[in-house]
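Trainee: Sequence:
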Amino acid sequence: MAAIGQGPIPANSIILTPASGPILSASQTCPTARRSRGPLSSGRSLRHGTRTPCRRYSGATQLGRLETLTGMAHCWGKRGETLLAALALLLSTSVASAQDSLANPHEGNPGAARAGRALFETRCAECHGADAKGISGPDLTDLWAAGRSDGGVFQTIQRGVPGSIMPSSSAPDDELWAIVSYLKGISTVSPVEFATGNADEGRQMFGANCAGCHRAGGSGGRLGPDLSRITLSRSRAGLMSSIRDPSAAMRVGYRTVTVVTAEGQRIRGLKKAEDAFSIQIVDTAERLQGYLKTDLREVQNEAQSLMPPFGPDRLTDGDLDNLLRFLASLREGGDAL
153 MAAIGQGPIP ANSIILTPAS GPILSASQTC PTARRSRGPL SSGRSLRHGT
203 RTPCRRYSGA TQLGRLETLT GMAHCWGKRG ETLLAALALL LSTSVASAQD
253 SLANPHEGNP GAARAGRALF ETRCAECHGA DAKGISGPDL TDLWAAGRSD
303 GGVFQTIQRG VPGSIMPSSS APDDELWAIV SYLKGISTVS PVEFATGNAD
353 EGRQMFGANC AGCHRAGGSG GRLGPDLSRI TLSRSRAGLM SSIRDPSAAM
403 RVGYRTVTVV TAEGQRIRGL KKAEDAFSIQ IVDTAERLQG YLKTDLREVQ
453 NEAQSLMPPF GPDRLTDGDL DNLLRFLASL REGGDAL
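Reading the sequence shown from the start, the letters are residues 153 to 489 in the working numbering.
Calculated from the structure, these hints are not laboratory results. All C-beta atoms in this analysis are idealised placements derived from N, C-alpha and C, irrespective of residue type, glycine included. Keep in mind that a hint or two might mislead.
To be verified - Label pairs and their in silico Cβ distance ranges: (1) S320 <-> G370: 43 to 51 Å; (2) L444 <-> E484: 41 to 49 Å; (3) P290 <-> G370: 38 to 46 Å; (4) S371 <-> K285: 21 to 29 Å; (5) Y443 <-> R403: 35 to 43 Å; (6) R381 <-> A282: 15 to 23 Å; (7) G260 <-> R403: 17 to 25 Å; (8) P464 <-> A270: 35 to 43 Å; (9) V412 <-> E273: 19 to 27 Å.
Starting from the given sequences, assemble the full structure and let the hints guide the process.
Mentor: Printed below as a string of structure tokens:
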């Protein structure tokens, strides 16, 4: 081990600068240290070896106010290990608390999620995938289920991840918060978010309003996404936003498109795939159709979802609670339609 205060600090160390007072009293000793001959700015350093008083090791001011937890733990044995664990917990708790205190100014704003999706696709999808499931970068759809906060995700995007391909960002805070809003809306979440509502009433609600286009537990239509496990990957707020305003954030594979053939026929549906030469859609009759672009007069990408909005006049907040509780029950082994 290098002399304390000399040489580079280990990359996995945490720099410690106590606010006041010695860590050990002058009468305590460091059983694995010996004096070195190289001076520090405020005293000699310590190396492994014979017993020596820890007076010179007692406070950060006596070491040029620079110390590492790993160095102290190694020097103080079991006592150091305990101190290291306690201080690391304290520091990590402080960091987490600071992150949690950052509030998303766009919380619950569908427009921000829509803008965030566009920003994500432009700046992030190359590494994280259009669905945020990851390519060269990690899957981002389970961040909140893993305990990450809005503030923590914001700071990661802003600061980047040192030692990885994830760079820091100089984009305005509003844009970064919009990306956070989008990611939170599509992220895996805990079942506790769907604890309210009546699943039986929600099943009836699903059958009357959703089953024509969506499947749940093996029954229903195929035009829209299968919702059997949707509560594993979408938050409560995200689902409610998608039901109230489905055009705000249309997901890849479910974006509305109309193709116009050379004869003038218009076919409307959902775009499933597209390249420079062809396009594949599922039309409103649930038929998969493929077209060469040379055979088409026009491809119209639409901003309006095929799914109609379900405002409070069609579904009350209580109805939505019941519907989401039913969908959540499917992942818990509940009955389907």
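Trainee: Among the hints numbered above, which are violated by the structure, and what are their numbers in rising order?
Mentor: 3, 5, 8
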